[in-house]
Amino acid sequence: MDKNLMSGNEAIAQGAWEAGVAVGVGYPGTPSTETLEALVRKDDVYCEWSPNEKVAFEVGLGAAIAGARSLVTMKHVGVNVAADPFMAAASTGVNAGLVLLAADDPSCYSSQNEQDSRFYAAFGRIPCLDVADSQDCYEMTRAAFELSERFDTPVMLHETMRIAHTRTLVATAGAREAVAPRDYADDIPKYVMMPANAVKRRLVVDERQAELEAYAETCPFNKVERRSEKVGVICAGAVYQHVREALPDASTFKLGLAWPLPARALADFAASVDACYVVEEASDYFSSRVRALGIELAEPPAAPLPVAGELKPELIRAAFGVAQPTHLAPATDLPPRPPAFCPGCPHRLVFCELRRLKAIVTGDIGCYTLGAVAPYGACHTVIDMGASLSMAHGMELAGAPERTGRPVVGVIGDSTFAHSGITSLLGTIYNGGTGTLCILDNRTTAMTGTQGNPVNGVTLTDSSHKIGPLDNPTGKALDLLALVRAMGVEDVVEVDAQDLQAVRSALKAATSATDRLSVIVFKAPCRLIDRSRGKQPTIRDCRACGQCIKIGCPALGRAKDGTAAIDPTQCIGCDQCVQSCPFGCITKE
Amino acid sequence: MADTEKNVQRGQALLHGTKTILLVGVGGQGTILAGKLLATVAAEAGLDVKVSEIHGMSQRGGSVSTVIRLGEHVSTMVCDDGCADVVVAFEAVEALRAQHYLAESGTMFVNDEEITPVSVNIGNFTMPERVGERLAELGAHLLDAGVIARGLGTPRSTNVVLVGALSTALPFDVELWRDAVRACVPAATVDANLAAFDAGRDAALRGAAR
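If you read the protein sequences in the order shown, they are chains A and B.
By my numbering, the letter at position 174 of the first sequence is numbered 174, and the numbering carries on one by one without gaps.
To convert, take the position in the second sequence, counting from 1, and add 1000; that gives my numbering.
No lab work stands behind these hints: they were computed from the structure.
A quick note: this is a predicted structure, and the numbers were derived from the prediction, not measured.
Each residue gets a CB set at the ideal place from its N, CA and C atoms; glycine is no exception.
Treat the hints with caution; some may be incorrect.
In silico lysine to aspartate or glutamate, EDC-like type, Cα no more than 16 Å apart, as pairs [said to hold, decoys possible]:
#	chain 1	residue 1	chain 2	residue 2
1	A	LYS190	A	GLU149
2	A	LYS550	A	GLU353
3	A	LYS230	A	GLU299
4	A	LYS230	A	GLU296
5	A	LYS3	B	ASP1048
6	A	LYS560	B	GLU1129
7	A	LYS42	A	GLU177
8	A	LYS3	B	GLU1072
9	A	LYS466	A	ASP530
Chain A regions said to be covered by chain B (calculated; three or more residues, Cβ under 8 Å) [claimed, not checked]:
#	stretch
10	164 to 175
11	329 to 342
12	554 to 562
With the sequences and hints as input, model every part of the structure.
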């Protein structure tokens, strides 16, 4: 059988397709995004982005109840958004297979926290499969649909960033199962979660748990590998690979089913070794549960394992007192290179002006979170999607503008506004709130790789045909101005985010008007979707005042004499520095 | 492919144990394609291979890295300190940032160019001094990959020039590498990328890598 290199996400898409999945739905979020992008390119499956993860889960559940196998994808914090329908679906069951991909991000490479989604599976008491490489992703996704139908429950497929974004070799069947849609039949006691029905479904979940616990004892994805009789390690996912690297002689119990746990098999394994350990990352998910089963766990002999952050083999070696390779110390004198707004980024001038206004800025999730870092420092809270607008209202209620003498400004992106900003704005309007809210409409979901969204009207199918926001997409694009006006905001304007004077005066007007709610839509395409370049400017008679440097463009630095200098390999010929020079020294003549 | 059997024997005989290759650079420099090329070569040679990438926020001009591990059987996909048999740095400061990953007997190829981070541009930090000397102390091979790519008229192929240099440190047939280039880059850019690969490989073989 041929093997192909696939990322975990591509392998999940392949497994789902072979399992006859009919509907794929999700919201983009690192590290889950590429799954639907791979699935949409396959035949006979329909995929779409939802405005948010709650909507995605509900679409998937509706499709499953109507008889179509469905895959729902999201990052770990998206599961929080989808938690309400998730918990109800755990009670109703599904009819056709429903698989939820929950992609965790230990060490927060691209996230606001490193929560462990498997707690949701245990909370909802639904099976949770835990993948350790792309072959697992492929096989367990196929099996997840069967489990979902066999036990009439949603199934969580849990991956971490290292699995999602690591390419490994996968042997696939390459053929799609012929899965006919399951019949739909009305079943009010099962699907209408009013109190009288819900109490009865609770009992069904109890019975299902007992059946799943029996299944766990023989689940083929729980794999015992016997080596040393002295050391046994219970582990799962990427951590299993790190354990194999760091402790090659240890016996391992690889938990492919993370909920429910196989109580008897684990007890047998623990009894078969002198010392049994749980090795896991960023969580006590396994250790707390294994201990609760009455199984005695040993502590690593040399040092405790870290409780936070991604695990690596060297951290396991350190805990178990295994020698490490010699190496140089890390260099400590290097300038940091955090991510930055791209040259020409339409967010840049807005944050320069928010800094100038000394505004208290409640921010949101997206590239524009970078408004918090140097040289801007103009974003003061980032909590979750949609929080910018509601938290600005809360700050107004606390009297922040009066007490600090600073305006409060909420800043949100286009995709994030559609995700959960609309209801936040509605709360402020409904309750007569004031203040300034900015929607940074860069025509795309930039951070995760320029996905479509309800504001740009690019469907997932459009993207698979390389149709972008500037190419007449087929989806319905939301008219932000009309929506905000219809919601009851009178003071709403659209401003070119690349026009410094217009940005400045719009923000000044909005923040000076303290008696009403003002909404500014800053519009200009992300440079990842508009790759056009202008003529590079030239600098003449620079006075080395540094005003242009303060806009934080990667293409703009200082020469040895302190004057501004343009890096021609990075400059895309936007006008941001030209507009920022107070002396007119940067020109495009 | 018909030659798989032969490639398997050649690859496994020449590659003892597991090798770890670390690619480091700045977001947008093309480390992901470079990793894909190496992984394709290893897979065609019948080896197990894992390629770990970082997506998302760090891609916006920040430090990025790709780890490729290959061998008969590969477990972990990450690179610990002191475990990189080869480090390929697409930028000189990033080479220094990765110095602790280099194995004692490891090899380092560095594109001899510096990209100033925003943290330096805005005056909060300064660029390190003696970068060239420090890289020489590490035993790094410096290569004008960017200059070579621009000389070929394809500045964006700097990554493939570096892959050409990397190919000299691994025991795979050159035609496997060229096949991987053909398989992994857009059809319209195959010739340009093959030229970039050859130029990087030649530079490393000629000792033009200092």
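Checked hints:
Simply put, LYS190 (chain A) and GLU149 (chain A) have alpha-carbon atoms about 15 Å apart, close enough for the 16 Å limit, and the pair holds. Restraint check for LYS550 (chain A) and GLU353 (chain A): the C-alpha separation of about 11 Å stays at or below 16 Å, so the hint holds. Pair hint LYS230 (chain A) plus GLU299 (chain A) holds up; C-alpha atoms about 14 Å apart against a cutoff of 16 Å. Annotation: proposed proximity of LYS230 (chain A) to GLU296 (chain A) holds, straight-line Cα distance about 15 Å (limit 16 Å).
Simply put, LYS3 (chain A) and ASP1048 (chain B) have alpha-carbon atoms about 10 Å apart, close enough for the 16 Å limit, and the pair holds. A hinted pair counts as satisfied when its Cα atoms are at most 16 Å apart, and LYS560 (chain A) with GLU1129 (chain B) qualifies at roughly 14 Å. Annotation: proposed proximity of LYS42 (chain A) to GLU177 (chain A) holds, straight-line Cα distance about 14 Å (limit 16 Å). Restraint check: the Cα-Cα separation between LYS3 (chain A) and GLU1072 (chain B) comes to about 14 Å, which is no more than 16 Å; the hinted pair holds.
As the CA atoms of LYS466 (chain A) and ASP530 (chain A) are separated by approximately 13 Å, the hinted pair is consistent with the 16 Å bound. Coverage of the stretch 164 to 175 of chain A by chain B holds. Counting CB-CB distances below 8 Å, 5 residues qualify, and the rule asks for three or more. Under the rule that three or more residues need a Cβ within less than 8 Å of chain B, the assignment of the stretch 329 to 342 of chain A holds, with 13 such residues. Figure legend: the stretch 554 to 562 of chain A, annotated as covered by chain B; annotation consistent (4 residues with Cβ-Cβ distances under 8 Å, at least 3 required).
Of the numbered hints given earlier, the model fails none.
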